[in-house]
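These protein sequences, in sequence, are chains A and B. Using the numbering used here, the first residue of the first sequence is number 1, and each one after it goes up by one. Using the numbering used here, the first residue of the second sequence is number 285, and each one after it goes up by one.
In short, the hints are calculated from the structure, not lab data. Idealized CB from N, CA, C, for every residue including glycine. Do not rely on the hints blindly, as some may be mistaken.
Unchecked claim - Calculated cross-link-like contacts (lysine to aspartate or glutamate; reagent style DMTMM-like; alpha-carbon spacing at most 20 Å):
1) B:Lys460 x B:Glu496
2) A:Lys107 x B:Asp371
3) B:Lys375 x A:Glu157
4) B:Lys435 x B:Glu701
5) B:Lys322 x B:Glu366
6) B:Lys504 x A:Glu88
7) B:Lys628 x B:Glu640
8) B:Lys622 x B:Glu352
9) B:Lys427 x B:Asp689
Claimed, not checked - Listed below are several chain B residues computed to face chain A (Cβ distance under 7 Å; list not exhaustive):
10) Leu332
11) Gly334
12) Val376
13) Val380
14) Lys516
15) Gly532
16) Ala536
17) Lys545
18) Lys634
19) Pro673
Here are the chains, one letter per residue:
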Amino acid sequence: MLFQGLVGLSEAMYLWLVAAGLSLIFGVLRVLNFAHGSLYMLGAYFAWIAFRISGSFWVALLLGPLLVCAVGWAMEFGFLRRVYGAPEPFQLLLTFAFVLIFDDLVKLVFGPVYQSPPTPAALSGAVMIGRSVLPTYHLFILAVGGLVGLGLWLFLEKTGVGLIIRATAADREMACALGVRSSRLFTWVFVLGAWLAGLGGALSMPVRAISPGMGEFIIIEAFVVVVLGGLGSLRGAFLGAVLIGLLHAYGLVFMPVFELALGYVAMAAVLIVRPWGLFGVREA
Amino acid sequence: MSPPRSISRRRLLQSSLALAGASALPLRAATPDLKLKKPIRVGCQTILSGPLGGYGEFMRKGATLAMEEINAAGGIGGSPIELNFRDEELKVDVGVKNARYFVQDWGADFLIGIDSSAVALAVGEIMPTLNRVLIVTHGATEKFNEDLVFKKHIRQCFRVCVPVYQDGIASALVAKDLPVKKWATISPDYEYGHTSWKMFRAYLKQFKPEVEFVGESFAKFGTVDFSSHISKVMALNPEGIFSTEWGGEAVAMVKQAKLFKVFEQTKAFMLGMGSAMDVLQGLGPDYPDGVWASGRYYFGYPDSPANKRFNESFKKRWDTYPSYPSETAYTALHAIKKAVEKAKSVDTEKVIEALEGLELSRPAGPCVIRKEDHQAVYAVPWGQIKHDPKYPMPTLTNLKVFPTDQYYRKPPFPPVEG
């Protein structure tokens, strides 16, 4: 039962990485990036290419997300920054266009068929207590998810850049008036968000089958997580992901028939009681 | 709405055939000229995107090969075949829309394909209105032949792939001789997954009353991580796992099951769709030895000239071994050719009569299309995965082939008790 929870948590970590980027970008840029799931997909594909060339999972894990950063940079610098002043539906349309473009590009380049790279031998072991098994890979994912969370917290709370990001998220106009060059900041925040999604994708590459459209499944769940936790709140995204992961893992055991609905029920409940999410800030 | 052109064309055709039939000198003995003066259009729908998109690719390749071969040899009664492919997306509304588009807008004479059981049932239901012959090449629910054709008499529906009898009953014939008493499943949370697990339980209980079914976990469509399902099921200490996950989902599940040491902790693992080419190729060296796998056709069976020829031309054309949707789509087009030439017409009613009881020697072996439920009856092996250096992918060994009357359910199809 404990292991079931840990397994659920490890599945939650992929979600956390995607949701963290989504939430960060929304918090600072005020743009809901529909294409964030596509960045996750690109992370998996770029990591797969890097793996095919280098033969090393670790190189793939490093290069895959970095390449997604480049895509993120191009998206923000070339397109998104032109619509910050536009009404929200236009921003959504633009990011949704990216979903379709990326899906079709991946299909054109890699074909519609899924790919399934091998699991790295170093991470193929497992911790066993009696008959209960927790794979090393899942422990690794838990560690990476935790470290990324810790790193983000330290970065935002303890560094000067983090302070500026938080200040801009809290009050964009005031931050600009005080001399923050928001356009450059926006680019870097978007790139950081893209890196987080890319990392999630790269981590999924050796254990899940990767395919065009894989981003569309995770983006829905990531939205649920972000709404649960509160738009723009990283702590909320983390706890939201953990909650969804545990609901999934234990829901399967205790109420398999309703398992699918549990996450959405939780979201609906939160929306009714605290429409700004568990850790979101109530709009004045 | 049915297109007016088909009615007038058919009338014209019938009368012209009656006049011309005797006098026309056939150019080729094998293909009498039907003087259709137009291509025979076959609308194909299959899954062409997402984690299961590999199936559609293999289906497309099989159908295309059959079309090229048939057209190169003079077409069907002098008319070339024309194919049109649409993505079924495994969605009922999309499947129904595709079928309507094919018949009402594109002018299809026949429909083939369909991977999802639910889509097969939904499209089957509207076939009387569309009034074309539909030949399903993959969707496997027994409700298609037992309910739609046998009980509801929807005569336009045919199927050339083995139904869940392969996954649910032939599997039980294999399982009864395995040293496993406690079974559990991880299967897809839709019609196909539920119906095959139900059959497996019902029939295995008959064959071996002491078996127990200790757990089940059904994963929604689009699942990429089966970790929670595996962890849940393994906590119930099963000795054997039965699964009907397929395509990329089967690949992901097997890889994750390996991480969870499932293959060390259980005595048997059965994967109903595990011998499909995309799974063999997708898992490659990661496919554990000894997994019991089957499908709707396996490229290595039977050892017959027809199968050898099919494998060779498929490899030559596509540079890969055929998967089962390739064989079933290939067979569907050959069945259409044979039936149309026998009926000397593309008229739906006449083709239905020609298809009923039709005998085919297909790559998968000799096959007959049952009159009562329009189901093609032929034998497909179960076997165990092994890594043979002669092949670029894992293959099957220890093949178990059962006579079809041992596992094809027969009319009047008593309810499955389970």
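- May I ask you to test the interface hint for leucine 332 of chain B with respect to chain A, counting a Cβ-Cβ separation under 7 Å as satisfied? holds, 6 Å
- Given the hinted pair lysine 622 of chain B and glutamate 352 of chain B, is their alpha-carbon gap at most 20 Å? Status holds; Cα separation ~16 Å.
- valine 376 of chain B as an interface hint toward chain A, with CB separation required under 7 Å: violated, 18 Å
- Does the structure keep lysine 504 of chain B and glutamate 88 of chain A at a Cα separation of 20 Å or less? violated, 32 Å
- Given lysine 634 of chain B as an interface hint, is the shortest Cβ-Cβ distance to chain A below 7 Å? Lysine 634 of chain B check fails; min Cβ-Cβ to chain A is 37 Å, beyond 7 Å.
- Would you settle whether the hint for glycine 334 of chain B is holds or violated, based on the nearest Cβ-Cβ distance to chain A being less than 7 Å? holds, 5 Å
- Should the hint that valine 380 of chain B touches chain A count as held when the rule is a Cβ pair under 7 Å? violated, 22 Å
- Message: Min Cβ distance, lysine 516 of chain B to chain A: is it shorter than 7 Å?
- Response: holds, 5 Å
- Query: lysine 460 of chain B and glutamate 496 of chain B: Cα distance at most 20 Å?
  - Reply: holds, 12 Å
- Query: Holds or violated: is there a CB of chain A closer than 7 Å to the CB of lysine 545 of chain B?
  - Reply: holds, 5 Å
- Within 20 Å, alpha carbon to alpha carbon, are lysine 107 of chain A and aspartate 371 of chain B? holds, 14 Å
- For the pair supplied as a hint, lysine 322 of chain B and glutamate 366 of chain B, is the alpha-carbon distance within the 20 Å limit? holds, 10 Å
Taken one by one, the earlier hints fail for this structure at numbers 3, 6, 12, 13, 18 and 19, listed in ascending order.
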